[in-house]
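Chemist: One letter stands for each residue in the lines below.
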Amino acid sequence: MTDPALALTDVTFAWPGQSGFSLSCPAFYMAKGESVLLLGASGSGKSTLLSLICGIATATAGQINVGGTDLGTLGAGARDRFRAEHIGVIFQQFNLLPYARVIDNILLPLRFAPKRKSRTTHPVAEADRLCTSLGLPEGVLKAQAGRLSVGQQQRVAVARALIGAPPLIVADEPTSALDAATQDSFLRLLFEQTGQAGSSLLMVSHDERLGRRFDRVLQLEDLVTTQRTAA
Amino acid sequence: MILRLATQSLLARALTVSMTVLAIALSVALYLGVEKLRTSARASFADTIAGTDLIVGARSGSVQLLLYSVFRIGNATNNVTWESYRDIAARPEVDWIVPISLGDSHRQFRVMGTTPAFFEHYKYRGGRSLDIGDGHGLDDLYDAVIGADVAATLDYTVGDPIVVSHGLASFTSHDDQPFRVAGIIAKTGTPIDRTVIVSLEAIEAIHVDWQGGAKSGQTTPVEVIRDMDLEPAAITAALVGVQSRLQIFGLQRWINQYPEEPLLAILPGVALQELWQIVGVAETALIGVSAMVVVTALVGMMAMIFASLNERRREMAIWRAMGARPSTILALLVIEAMLMAAVGAALGLGLLYIGLIVGQPWVDAAFGIWLPIEPPTLRDLWVLGIVIGAAALASLLPAIRAYRLSLADGMMVRI
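These protein sequences, in sequence, are chains F and V. Going by the numbering used here, the first residue of the first sequence is number 1, and it counts up by one from there. Going by the numbering used here, the first residue of the second sequence is number 1, and it counts up by one from there.
Please note that a few of the clues may not be correct.
To be verified - Computed spacing ranges between beta-carbons, pair by pair: (1) V:293 <-> F:118: 22 to 28 Å; (2) F:149 <-> V:311: 19 to 25 Å; (3) V:311 <-> F:228: 28 to 34 Å.
Claimed, not checked - Capping the alpha-carbon separation at 20 Å, the derived lysine to any residue pairs in SDA-like fashion look like this: (4) F:142 <-> V:3; (5) V:215 <-> V:167; (6) F:117 <-> V:105; (7) F:142 <-> V:187; (8) V:187 <-> V:37; (9) F:142 <-> F:111; (10) F:117 <-> V:37; (11) F:115 <-> V:2; (12) F:117 <-> V:328; (13) F:115 <-> V:328; (14) F:142 <-> V:2; (15) F:32 <-> F:214; (16) F:142 <-> V:8; (17) V:215 <-> V:105; (18) F:117 <-> V:256.
No lab work stands behind these hints: they were computed from the structure. Every residue, glycine too, gets a C-beta built ideally from N, C-alpha and C.
From just these sequences and the hints, can you work out the full model?
Modeler: If you want it as structure tokens, here you go:
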């Protein structure tokens with residue numbers, strides 16, 4: 001249990017080919033089970049940072065360690081597989097394949113993560129349990145994802161991120177599409193379930209009111225420096 | 001699961017997808033239909049004459065002999081004398097021989113003089129005999145048996161009088177010796193449909209008063225003609241059947257080397273093949289055009305996939321975030337294209353059979369082409385397979401673009 005949930009060391013990154021934008025992050029550390037909120041306005045490099053952590057983009061230099069694995073040592077295919085196995089991702093909105101049923105959306109990451117799948121003994125029952133715990137109506141599993149309300153869709157996205165209990169949950173402004181009342185209950189349920197799964201939670205937002213539930217709140221600008229040079 | 005999600009994704013875009021599928025289905029139906037028509041036309045063509053081993057005529061080209069003796073197109077350059085006919089008929093190899101005499105016409109239809117044996121030996125479409133559905137055969141000297149098209153075009157029924165014209169497109173008629181419609185042959189899809197058949201003696205009879213191609217002044221009364229010896233001096237051609245198929249070539253050689261008169265004996269099957277090679281150029285053009293229609297439908301599908309890519313970037317980002325590789329996204333698009341093509345192909349096959357069921361009697365009646373309704377041939381299935389494979393290939397282009405987009409977008413797409 002010595003491995004951190006997430007550790008970035010001397011990471012620098014520049015979008016390949018694209019002129020102008022570069023990012024560096026000297027040090028960032030998250031312990032297992034910890035919840036961290038990164039506050040930052042859009043354009044502060046949060047998308048790039050999340051892409052790096054999820055292994056979609058690769059650092060130009062430095063180390064990104066997720067749950068004890070250095071992403072830099074993995075090839076592109078292995079990083080995709082690693083992401084499926086270890087990270088649950090929640091977006092701002094439009095999280096789901098609208099044409100697919102809720103159950104198919106929730107089970108989708110398991111399709112690419114055999115270990116995570118084998119950890120989940122009864123995937124459908126687990127999906128059902130998550131949905132119930134997240135306050136989704138009964139029978140929602142068979143509904144078409146695109147027909148649900150935005151709030152319900154976000155909760156389905158949480159269920160999808162949590163299925164198979166991946167060690168790290170990455171959430172990119174998951175509440176910004178919700179109204180204040182729903183935001184609160186959404187966060188409460190998110191924390192409840194993340195805690196139960198024992199996952200670490202890294203959330204990025206521009207809304208500092210969300211901070212009180214987190215173990216730590218960091219300003220993104222303290223963590224990373226971005227540079228934009230005119231093309 | 002990916003297959004199911006691909007299906008659901010297609011269903012969610014039902015309108016554009018169904019249009020694309022419809023285009024593929026129509027093009028496949030067209031291609032298969034043309035193919036069917038082509039093979040059936042070829043078969044019908046080859047079935048024009050069956051059971052006849054040799055066609056004998058004056059020496060000319062084999063296609064020419066076939067054209068005037070079977071298809072009633074063009075004219076014989078020369079006749080075959082009755083003596084030569086008798087010599088051939090006397091050969092031991094000959095099982096049966098039927099003389100044919102052409103040259104006169106009735107309205108736009110050719111008149112053919114022959115013997116009642118013609119009805120016995122002329123076979124078409126795999127050994128079928130002529131069927132005089134209405135009336136009877138050539139019993140009387142002035143009996144005429146007419147083809148189905150003749151009856152339909154001129155609105156003739158059994159018992160109607162027929163006056164034969166001398167030569168083709170001629171102003172002189174044999175109105176002194178009218179014929180009577182004795183029988184009407186059921187539709188065959190062969191040139192028989194457009195032929196007026198009379199006896200060989202009748203051809204002699206109506207030319208009794210003719211000398212050197214012009215009518216002489218006198219008119220011999222019909223009663224006198226009936227008592228005359230009406231053996232012809234010459235015929236146009238003869239159909240021959242041999243005792244054993246092994247003797248065909250021997251007899252053919254003998255006829256071709258007949259010393260008294262330059263003659264030509266041809267094998268109808270070979271001459272039909274030769275003729276089809278001339279006619280068949282059109283079939284290649286036809287099949288080429290319908291293949292292009294299939295290609296067009298597939299290009300349409302490619303355009304449709306390209307157009308959908310932009311609105312599906314979000315979807316691809318979700319796939320990527322869930323751990324899908326860019327190659328999975330490529331596979332997803334190719335699978336979708338193959339699904340569309342497969343449904344289109346199946347639908348096209350269905351359309352073909354509906355078309356066949358509806359169109360079969362009409363095509364047979366109008367063109368004499370029999371379209372058999374059979375399970376799809378191996379060749380048809382190959383065509384369907386190729387269409388699906390081609391769809392996969394066509395979708396590669398947009399799929400590769402999607403692959404690139406998803407590499408560049410990662411899981412962060414802003415909409």
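Chemist: Next pair to validate is residue 117 of chain F with residue 105 of chain V; report whether the Cα-Cα distance is within 20 Å.
Modeler: Judged against 20 Å, a Cα distance of about 87 Å means the pair is violated.
Chemist: Is residue 142 of chain F within 20 Å of residue 2 of chain V, Cα to Cα?
Modeler: This hinted pair holds, its Cα atoms lying about 17 Å apart.
Chemist: Holds or violated: are the alpha carbons of residue 142 of chain F and residue 8 of chain V at most 20 Å from each other?
Modeler: holds (13 Å)
Chemist: Holds or violated: the 19 to 25 Å window for the beta-carbon distance between residue 149 of chain F and residue 311 of chain V?
Modeler: holds (22 Å)
Chemist: Under the criterion that the straight-line Cα-Cα distance not exceed 20 Å, is the pair residue 32 of chain F, residue 214 of chain F satisfied?
Modeler: Holds, at about 14 Å.
Chemist: Does the structure keep residue 115 of chain F and residue 328 of chain V at a Cα separation of 20 Å or less?
Modeler: holds (19 Å)
Chemist: Holds or violated: are the alpha carbons of residue 142 of chain F and residue 187 of chain V at most 20 Å from each other?
Modeler: Between residue 142 of chain F and residue 187 of chain V the Cα gap is close to 61 Å, so the pair fails against 20 Å, i.e. violated.
Chemist: Indicate whether the distance between the beta carbons of residue 311 of chain V and residue 228 of chain F respects the range 28 to 34 Å.
Modeler: holds (29 Å)
Chemist: Taken at face value, is the distance from the CA of residue 111 of chain F to the CA of residue 142 of chain F at most 20 Å?
Modeler: Cα-Cα ~18 Å, so holds.
Chemist: Decide if the proposed pair is consistent with the structure: residue 117 of chain F and residue 328 of chain V, CA atoms, cutoff 20 Å inclusive.
Modeler: Satisfied, since the Cα-Cα distance of roughly 18 Å is no more than 20 Å.
Chemist: Taken at face value, is the distance from the CA of residue 105 of chain V to the CA of residue 215 of chain V at most 20 Å?
Modeler: Holds, at about 16 Å.
Chemist: Against the 20 Å threshold, does the CA-CA distance of residue 215 of chain V and residue 167 of chain V hold or violate the hint?
Modeler: Given pair residue 215 of chain V, residue 167 of chain V holds - Cα atoms ~12 Å apart, limit 20 Å.
In this structure, the hints that do not hold are numbers 1, 6, 7, 10 and 18, in rising order.
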